[in-house]
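Q: Sequences are here, hints too, so could you generate the full structure?
There are 2 protein chains.
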Amino acid sequence: MGKCANHPDRETSFLCSKCNIYMCEECQKCRDPEIFCKFRSSCPIWFIDKRQKDWDRETRAEEDVKTFKVIFKPEDREISVPEESTLLDAAVAADVHINASCNGKGACGKCKLIIESGNIKSEPTTLLSNQEKAKNYILACQTKVLGDVTVKIPEETIARKLKVVGMGQEATDRFKGLVKDIQPMLMEIPLELEPPTLDDSVSDLDRLNRGLKKTGCDVDRLNVGIKVMRELATVMREDNWKVTVSVVRKKCSYEILDIRSGNGQEKSLGLAIDVGTTSIVVYLVDMTDGAIIAATSGHNRQSACGDDVINRIVCAEKDGVAKLSRMALATINNLINEALATVDGNFKDIKNVVISGNTTMTHLLLKIEPRYIRREPYIPSVSEFPILKAGEIGIKANPIAAVFIMPGPAGYVGGDIVSGMIYSGLHREEPLTLFIDVGTNGEIVLGNKEWLMTASCSAGPAFEGGGVRWGMRAEEGAIEKVSIDPETLEPTFSTVGDVSPRGICGSGMIDLISEMLLTGIIGQDGKYKIDQNHYRMKQNGKDLAYIIAFADETPMEEDIVFTEIDIHSLTLSKGAVYAGFMVLLEQAGLDFSMIDRMLITGGFGQYLNVEKAITIGLLPDIDHNKFKYLGNSSIAGAYMALLSDDYRNEARLISNNMTYIDFSSNNRFMDEFTSALFLPHTNLKAFPSVKII
Amino acid sequence: MGKCANHPDRETSFLCSKCNIYMCEECQKCRDPEIFCKFRSSCPIWFIDKRQKDWDRETRAEEDVKTFKVIFKPEDREISVPEESTLLDAAVAADVHINASCNGKGACGKCKLIIESGNIKSEPTTLLSNQEKAKNYILACQTKVLGDVTVKIPEETIARKLKVVGMGQEATDRFKGLVKDIQPMLMEIPLELEPPTLDDSVSDLDRLNRGLKKTGCDVDRLNVGIKVMRELATVMREDNWKVTVSVVRKKCSYEILDIRSGNGQEKSLGLAIDVGTTSIVVYLVDMTDGAIIAATSGHNRQSACGDDVINRIVCAEKDGVAKLSRMALATINNLINEALATVDGNFKDIKNVVISGNTTMTHLLLKIEPRYIRREPYIPSVSEFPILKAGEIGIKANPIAAVFIMPGPAGYVGGDIVSGMIYSGLHREEPLTLFIDVGTNGEIVLGNKEWLMTASCSAGPAFEGGGVRWGMRAEEGAIEKVSIDPETLEPTFSTVGDVSPRGICGSGMIDLISEMLLTGIIGQDGKYKIDQNHYRMKQNGKDLAYIIAFADETPMEEDIVFTEIDIHSLTLSKGAVYAGFMVLLEQAGLDFSMIDRMLITGGFGQYLNVEKAITIGLLPDIDHNKFKYLGNSSIAGAYMALLSDDYRNEARLISNNMTYIDFSSNNRFMDEFTSALFLPHTNLKAFPSVKII
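Protein sequences, first through last, are from chains A and B. This note's numbering applies: residue 1 is where the first sequence begins, and numbers increase by one. This note's numbering applies: residue 1 is where the second sequence begins, and numbers increase by one.
Don't take each hint at face value.
[To be verified] Below, in silico cross-link-like pairs of lysine-lysine (DSS-like), each with a Cα-Cα straight-line distance of 25 Å or less:
1) A:K213 <-> B:K323
2) B:K323 <-> A:K227
3) B:K323 <-> A:K214
4) A:K389 <-> A:K251
It is worth saying that the hints were derived from the structure and are not from the lab.
A: Now the structure itself:
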């Protein structure tokens, strides 16, 4: 039981799962945006509701446009959409998360749905098998609504729990003692002030400043807003001159954001958030001791607008950046709610937030114009952000919570990389280090405590499952490890979650190609060499393909295959990354032999088999002991910056002092890239440990 | 012709005189607060409208409450009010300005109205003469509405134009060259930036900061908000990397508040505003050369809540501080509109504002809790204010205009006094100076460039016309100078505006009492000494009174008289001020002979005859050449601070370093006060130049 957030005089047992506030019956029913929920700016329910209303309004305005109901099973989500809307639009509006890697172009074939009933019109597609078509599969983005429709989200389309390292106890142990002296951005300073007398009649604000000065606060640099000035007099007298002041530590000044009566200790929570293009990770942190008390992760809902940052920017240009911001916020705020629920926490206790993401992600999240990131000369609007307030950007935390956005030095080297630096510490140490984060882009950093160079190469979405027939992210059912018996050519594999295979993720593909190369199934050119009639081989459309799992092993009852086109996609990706290494080293006048260590991070990296990655020529053929896998270094760096002003300042310094090398118009990069389109490489001497049969 | 502010596609010729925005026919008609006018937060029209709606709504809610129409003539203002509302409430709601010195207590008798028709219920009062009662006069605060009513505002109740010095050319000449180096708070910095290239690919914000750094801006202390970050990319490219940046100079940092494309010069206007308890003065200033291009003044509408600051605070405690804030804002914004209209200016060009007022006035204006100012130990919420934005406090200027509030050291020594210091320069100079501002309160400053002491004595409203039968402010028709023929005892007087007399103002009263004392009409005890049957004498109720003007000389057709009670009120006021001088000097170990100069400021001071003020014992009997009249030093200091960062910093220093002496529980003050209740004083030796018959 609790008090209704809108009507404090009413007791109610209904706790909104989205907003974590109590609501009385009236408020549950009415959903009037004006009174329903004061957290509506970040509430997914409210947005769906609003979207519905917008549509209703448009419909009323233009009487000719009919609307139809779409029901999504198995969750039975319902939404009304105008005639001729695509089912993908309907899914986005209904907040149903389905994959749509290509942003609705009909190119990726991921947004499969099964029509249960209703009148629709589908464009023809080659991305569905005849078996699928027979089962009423359609592609959501290629199907328009002509009447009320009921659809089912098939097994393979439902987005599943990502496997993310660093959850709960594991993370707490890993990060224990990483930050000794905790310095939150938003400090809560308890004070007991001397009551005023005729002989000591300074103003309330001066009295407060005097108290703050005694605690070491530089009051000459202290600002205060009109809201606090209006509350001061009452609050200071409420509990006999005992108050707690919330002061935010900015780059070069302080600001009093809140004052409350009483000087007892309140809970103080923090959030470290890694906003990835694909997935978002949230750590809920106890700011008193730095313990990670909950961790959650989920798919970035922006995926409905495409897999990579370019598609997201295109979508923002078309539909407005607010839409993309809302999608990311809905994901983040749901994850915050989930995390809070596990510890029975209250969002009002969250007073410090650090967000780490690539440059496009931070721009979209903050509704900052991203369009020039994708146009030469690839300029972001902002590299270094001021401390913001959670309330002004829509993060589900105390509205005055201080938000630090990890600075990012360039359009394609963002705050996630700077976060990685903070965690790796390479900028604090002597050894010459090559740092690599492979996701949709491959970001590379080279350097040590003396200097840092960075570059980005467009690796493409292959490692994350994009552009590959059965490619998928490292979700439940993804094949993540593969070996092939050199005699029988029979594969052995394991999947995420040890369930029946639903597709293959990045590390699985690297294993697979490496094994196929070493067993002679494919040649160095990535073409199949073995007998086309081998029972593991089949024709997939015009392409030859290797069958990893037969239909009867899979929940979809279809063969999971790997085509020559899939191999080519992977080769392009690994070639771009390797070319990136080569050119960056060349620019610094170095070669691989001079590298003291190589740090690997990023989503796909966590299951990476280094030896096999060398075999296909993704990683250089150097001493295997020099490789170190960092896990998700973006969230780790965000966590460190959450707790320490020193790390926040380090992040600003790194971002300002990194030298960014642009590859987009670099001829050497094109040459190196072409040379790297062989397995492992055209220059076999560079890979002495790889023994091709 | 211009574009409708709400519908940019519509051309219209209607320019709202209040808001200076164009409105199409639909917008003129509907007055829907949501779409009518985006400046509604400071629009008096809108507030009246809203108040009307609130009443309508309340009425609908409680069906039992009837509403009636009240029409105010001669302006024909109409308002609906609930049954039993007082006519004073109706006048406030209808935005009709009538005097109500005592805040509706029925004590001052100033809020006279004439009932033309309708059903009312009046409390009995002794403050109306039989003549007046016969003419259907009532007191607005003592009369309730029982049906539709039409009332007329009589001549003597209509608030007239105040006589305010320092208008137009006169002021410009006076202030010419006072500030050499103009340093606005909100700087508009034109920049032409290098376009980005692949080799110079810093973010838009970094590019902007680089440009600002070249102009000398300390970018390490520069903040920027989310709104500007969102606009950056588009604006910077709009006019080929030519931009103008609005940067506000705060106490210890800078903030980018706006960016627009193009780097041409825009107009920049400033406002210096003196918010007095009685009247408000606005100077409109050209920030490029410091010229005062318009000046307006008017009555503070808060007067409907009483004449003095105590009544205002009481009213804020009862009705909420927002009401008082709205009243002051309505006055200020009307004066701004008036000023803009005279020069055909646009409020958007106003980008710098300085407000000077006593501590209560600034608290009320900013909606900051004032209640502890009137309770021992008399603590204001805030002494030194940060730079605010016009938009957040409701001043009619560009919403991002920087607002500096003159700091005030104590509850009863406010920013208007600090403003006076800035203008007088006494804190910069050697001579020992006594500074006095007599309004409702008498604020005194003693000191020089080495030290400053200050105190406030409650002079009461007598000098401004309060508590005096025919007392009034220095408005048109006020008797401002008086002399009396010692033979005939016949008075000669002049009035403000040279019209028929309607009452007597502060300087007139000082003249009158001085003359009556010197001609023996009254004694040193303030009692009438001459024959009660003298044709200039009459009985006014129980009191003996001197007739200054006979009924046939006045527009009200009533005798203007001065009673013994009136003399007593004045004696209390002058006694408090003189006692203040004495105690402050004593605290500093000084006496009058050591004073090098005496500076006089304040509304009543401008017509003050120094010799006569000495005669009644208001001013000390020192060398007349030591007296200097400063005019309205509050507006003058505000003007100087508007143009110069140095003066703004000086103001902060003065406010922090003044020693405030509290008189409220000071026994010496009570002794001195008692001694000063004679004319000129019990100690005649202190007034050697005053020769009483």
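Q: The structure should be examined with respect to each hint, and the outcome stated for every one.
A: Hints and how they fare:
The suggested pairing of A:K213 with B:K323 is violated, with an alpha-carbon distance near 35 Å, which exceeds 25 Å. A distance of roughly 17 Å separates the Cα atoms of B:K323 and A:K227; the hinted pair therefore holds under the 25 Å criterion. Between the alpha carbons of B:K323 and A:K214 the distance comes to roughly 38 Å, so the proposed pair goes past 25 Å and is violated. Straight-line distance between C-alpha atoms of A:K389 and A:K251 comes to about 14 Å, which keeps the hinted pair within the 25 Å bound.
Figure legend: structure checked against the earlier numbered hints; hints not met, in rising order: 1, 3.
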